[in-house]
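S.K.: As a plain string of letters, each chain reads:
Protein chains: 2
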Amino acid sequence: MKNFLSAEARGLAPYTPGEQPRDQQYIKLNTNESPFPPSLKVVKALSRAELLKLNLYSDPACTQLNAAIAAHYGLHPANVISGNGSDEILAFAFRAFCGAGQPVAYADVTYSFYQSQAALFGLEAKVIPLREDFTLNVDDYMDFPGAIVIANPNAPTGMAVPRQDIQRLLEANPDRVVIVDEAYVDFGGESCVPMIFRYDNLLVTQTMSKSRQLAGGRVGFALGGEALIEALNRVKYSFNPYNINRLSLIAGTAAMEDDAYFQSCCETVRKNRAWLVEELEGLGFAVLPSSANFVFARCGRLPGGELYRRLKESGILVRWFDRERVRDFVRITVGSMEQIGALVDELARMLEEL
Amino acid sequence: MKNFLSAEARGLAPYTPGEQPRDQQYIKLNTNESPFPPSLKVVKALSRAELLKLNLYSDPACTQLNAAIAAHYGLHPANVISGNGSDEILAFAFRAFCGAGQPVAYADVTYSFYQSQAALFGLEAKVIPLREDFTLNVDDYMDFPGAIVIANPNAPTGMAVPRQDIQRLLEANPDRVVIVDEAYVDFGGESCVPMIFRYDNLLVTQTMSKSRQLAGGRVGFALGGEALIEALNRVKYSFNPYNINRLSLIAGTAAMEDDAYFQSCCETVRKNRAWLVEELEGLGFAVLPSSANFVFARCGRLPGGELYRRLKESGILVRWFDRERVRDFVRITVGSMEQIGALVDELARMLEEL
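In order, the protein sequences belong to chains X and Y.
Residue numbers for the first sequence follow the numbering used here, beginning at 1 and rising by one.
Residue numbers for the second sequence follow the numbering used here, beginning at 1 and rising by one.
Treat the hints loosely; a few may be bogus.
Straight-line distance between alpha carbons at most 30 Å, and here's what the computed DSS-like set of lysine-lysine pairs gives [as the list claims (entries may be wrong)]:
#1 Y:Lys2 / Y:Lys53
#2 Y:Lys44 / X:Lys44
#3 X:Lys41 / X:Lys53
#4 Y:Lys2 / X:Lys53
#5 Y:Lys53 / X:Lys44
#6 Y:Lys126 / X:Lys126
#7 X:Lys41 / X:Lys271
#8 Y:Lys41 / X:Lys44
#9 X:Lys53 / Y:Lys44
#10 Y:Lys53 / X:Lys271
#11 X:Lys53 / Y:Lys312
#12 Y:Lys126 / X:Lys2
#13 X:Lys312 / Y:Lys53
#14 Y:Lys271 / Y:Lys41
#15 Y:Lys41 / Y:Lys53
#16 Y:Lys271 / X:Lys41
#17 Y:Lys271 / Y:Lys44
#18 Y:Lys53 / X:Lys53
#19 X:Lys41 / Y:Lys126
#20 X:Lys44 / X:Lys271
#21 X:Lys53 / Y:Lys271
#22 X:Lys41 / Y:Lys2
#23 X:Lys271 / X:Lys312
Away from chain X, derived, C-beta distances all over 10 Å, residues of chain Y [said to hold, decoys possible]:
#24 Glu8
#25 Asp87
#26 Asp108
#27 Val127
#28 Phe144
#29 Gln164
#30 Glu278
#31 Pro303
#32 Gly341
#33 Leu351
Treat the hints as calculated values from the structure; they're not laboratory data.
All C-beta atoms in this analysis are idealised placements derived from N, C-alpha and C, irrespective of residue type, glycine included.
Generate coordinates for the entire structure from the input sequences, incorporating the hints supplied.
M.R.: Right, dumping it as structure tokens:
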């Protein structure tokens, strides 16, 4: 077969998403989705009248959605850009703020998609190891001259960086953009959003996939000073101006406006997480301190890959990364009590039989 | 305000989408949407049960949608990739098949988004002028060493290139990818899809925005040999693996399966176009021969910009491009009889008053 790939495309590092099996019903604790349905206000807003308008383009400026997001955070709409999931927004940021002579830095153990996107734009990437205990030492980033991306809380560890540490990074070099990926912040991290007006080199990305029950709607957004948002819009309008479809615009707006449901779902996840951590520790697991809607846990008696495979055979999907430093762990989404109860029962059975 | 833009981002050429006004009700003939609602099978498929699953990620492989598209065209699913509109697919193609030393060529008068995407990836672009009468001379492309993009039918002219001409290009250099953008092909062009198995350097892109009533759903796709599709998937999984949301996957699948409605809508557009062309010519307009769901017309008595402005004041939106060679024209979407009837009445009134 001929190879038509450009040199740049040959250098890509495509991301492997978590399994989305279609063959059988699993207890799905592998992609950090919310175990709860979307807000009923979302379902109501997706009316038949709206479905019948699908022949018309969506609003490329995402006016209503951005207004709802801005209102929620006490920002101006000019501080907001929305995307087809926060993955798209992150790609826009990599293009906007990095390039030849403008490298990007991120941790060795973090969302592996940063590596894919750095390769997409042919960026020089500096990979900075976390400490032995998986905490991030901001001092390691102080002198780095390019953009910095920090997932906070981090994935797959679930561990959070104190806001004060990010602040030090922002102040150390005001000409350097710091991208804080807050996909999981609503479950316990300290958000950097309140610092946006203070630091014009701060970009915060968030998603509606985890805490707002819209993984299937693909809605993410970034918050930052006007200059950063304008830069991201330059990229968006060079890539895909109508980047969010009509129904996701409506769903995202309604989800953002239903604060009570959002709060209650986050609270339930935090309670379920506490229960899950206690049970796992009771079974002898070492669990990293999680501020996210998942836990990263090591069994000790079974390697991570083996644990993943046995659970899958029992109809339970968790995520295992066959990568250095984290091979002993599995990442488990904090599901409903029914889901994590079944997981804990299965683990207890499995370990008893060893 | 500080400028955080990378050198690459400073070189961008963002696209200006057609107006999507939110202030008043216009007769909207400016963005080539279908005047008809989506298939009722689309509306039915977007059931409450599906809305309630929005908390779960969409299928990144787009299995059902790709299967429906493949079935419609008699291809294998491995010959199909779907995207968040065909704009996204085109961007994937620019990254996959072009790069340093691998330039891209396109016409001077064509979909201006190619220029935006070439800039996005820092590509060297060769802009090849159409003939004086806006026809494309494939001989001008014969010796070009890089990838070629041809909109067929072309936008904004609506004029089609014979399939035989594309075939000559494909054969002239089998190591060069030819991307045929068939966004408007269902209204009268000769599709290159039947040549896919014969030429492994042929990529055809299409969209559901025009002929399948789903502009607001954002569903586009590319058809080609397995090597080309695999290359596009490398880019997709480096950029945004979950690139189509759940509801658009469902809508696109249902739209593709409702062939009767698709055929009937295309037929109506062709009939309405014939009527519109006749009326415009009756009013003294010069109209380029259109194979698309729009016509490109020159008034003679009023400059294009003036015509656009006067129509907008009267509540009718058409598209005007303030660019060399096409400044005298306006692009008018072939709407419903009610819409184009109102347009023709207004034009008659306007010209009488001159």
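S.K.: All hints are to be evaluated individually against the structure, with a verdict given for each.
M.R.: A quick look at each hint next to the structure:
Of the pairs offered as hints, the one joining Lys2 (chain Y) and Lys53 (chain Y) is violated, with about 43 Å between alpha carbons and a cut-off of 30 Å exceeded. At most 30 Å may separate the alpha-carbon atoms for a hinted pair to count; Lys44 (chain Y) and Lys44 (chain X) meet this at roughly 16 Å. For a cut-off of 30 Å, the pair hint linking Lys41 (chain X) to Lys53 (chain X) stands: about 19 Å separates their Cα positions. For a cut-off of 30 Å, the pair hint linking Lys2 (chain Y) to Lys53 (chain X) is broken: about 41 Å separates their Cα positions.
Distance hint between Lys53 (chain Y) and Lys44 (chain X) is fulfilled; the C-alpha atoms sit about 14 Å from each other, no more than 30 Å. For the suggested pair Lys126 (chain Y) and Lys126 (chain X), the alpha carbons sit about 35 Å apart, so the restraint of at most 30 Å is broken. This hinted pair checks out: Lys41 (chain X) and Lys271 (chain X) have alpha carbons roughly 24 Å apart, not beyond 30 Å. Between the alpha carbons of Lys41 (chain Y) and Lys44 (chain X) the distance comes to roughly 20 Å, so the proposed pair stays at or under 30 Å and holds.
For the proposed pair Lys53 (chain X) and Lys44 (chain Y), the alpha carbon gap of about 14 Å is at most 30 Å, so the pair holds. Distance hint between Lys53 (chain Y) and Lys271 (chain X) is fulfilled; the C-alpha atoms sit about 23 Å from each other, no more than 30 Å. For the hint linking Lys53 (chain X) to Lys312 (chain Y), the alpha-carbon distance of about 22 Å falls within 30 Å, and the restraint holds. Between Lys126 (chain Y) and Lys2 (chain X), the direct Cα distance comes to roughly 25 Å. Compliance with the 30 Å bound is thereby established for this hinted pair.
Proximity of Lys312 (chain X) to Lys53 (chain Y) is assessed by CA-CA distance (about 22 Å); at most 30 Å being required, the pair is judged to hold. With a C-alpha separation of about 24 Å, the suggested pair Lys271 (chain Y) and Lys41 (chain Y) falls inside the 30 Å cut-off, and the hint holds. Taking the CA atoms of Lys41 (chain Y) and Lys53 (chain Y), the gap is about 19 Å. The hint holds against a cut of 30 Å. With a CA separation close to 42 Å, the supplied pair Lys271 (chain Y) and Lys41 (chain X) exceeds the 30 Å bound.
With a CA separation close to 28 Å, the supplied pair Lys271 (chain Y) and Lys44 (chain Y) stays within the 30 Å bound. Among the hinted pairs, Lys53 (chain Y) with Lys53 (chain X) is consistent with the structure: their alpha-carbon atoms are about 22 Å apart, no more than 30 Å. At roughly 50 Å between alpha-carbon atoms, Lys41 (chain X) and Lys126 (chain Y) are farther apart than 30 Å, so this suggested pair is violated. For a cut-off of 30 Å, the pair hint linking Lys44 (chain X) to Lys271 (chain X) stands: about 28 Å separates their Cα positions.
For a cut-off of 30 Å, the pair hint linking Lys53 (chain X) to Lys271 (chain Y) stands: about 23 Å separates their Cα positions. Between the alpha carbons of Lys41 (chain X) and Lys2 (chain Y) the distance comes to roughly 40 Å, so the proposed pair goes past 30 Å and is violated. Using a Cα cut-off of 30 Å, the hinted pair Lys271 (chain X) and Lys312 (chain X) holds, with the two alpha carbons roughly 25 Å apart. Look at Glu8 (chain Y): its CB is around 4 Å from the nearest CB on chain X, not clear of 10 Å, so calling it non-interface is violated.
Interface exclusion of Asp87 (chain Y) from chain X breaks down, the closest Cβ pair being 5 Å apart, not more than 10 Å. With a closest Cβ-Cβ approach of about 19 Å to chain X, Asp108 (chain Y) is found to remain outside the 10 Å limit, as its non-interface label requires. Distance check on Val127 (chain Y): its Cβ is at least 17 Å (rounded) from any Cβ of chain X, clearing the 10 Å threshold; non-interface status holds. Remark: the non-interface label on Phe144 (chain Y) is consistent with the geometry, its nearest Cβ contact in chain X lying 15 Å away (cut-off 10 Å).
Distance check for Gln164 (chain Y) against chain X: the nearest CB is about 23 Å away, which clears 10 Å, and the non-interface claim stands. Under the 10 Å C-beta cut-off, the non-interface status given to Glu278 (chain Y) relative to chain X holds; the minimum distance is some 25 Å. Residue-level check passed: Pro303 (chain Y) sits 27 Å from the nearest beta carbon of chain X, beyond 10 Å. Interface exclusion of Gly341 (chain Y) from chain X stands, the closest Cβ pair being 19 Å apart, more than 10 Å.
Every Cβ of chain X is farther than 10 Å from the Cβ of Leu351 (chain Y); the closest lies at roughly 29 Å, confirming the non-interface assignment.
Hints 1, 4, 6, 16, 19, 22, 24, 25, counting from the list given before, are not met by this structure.
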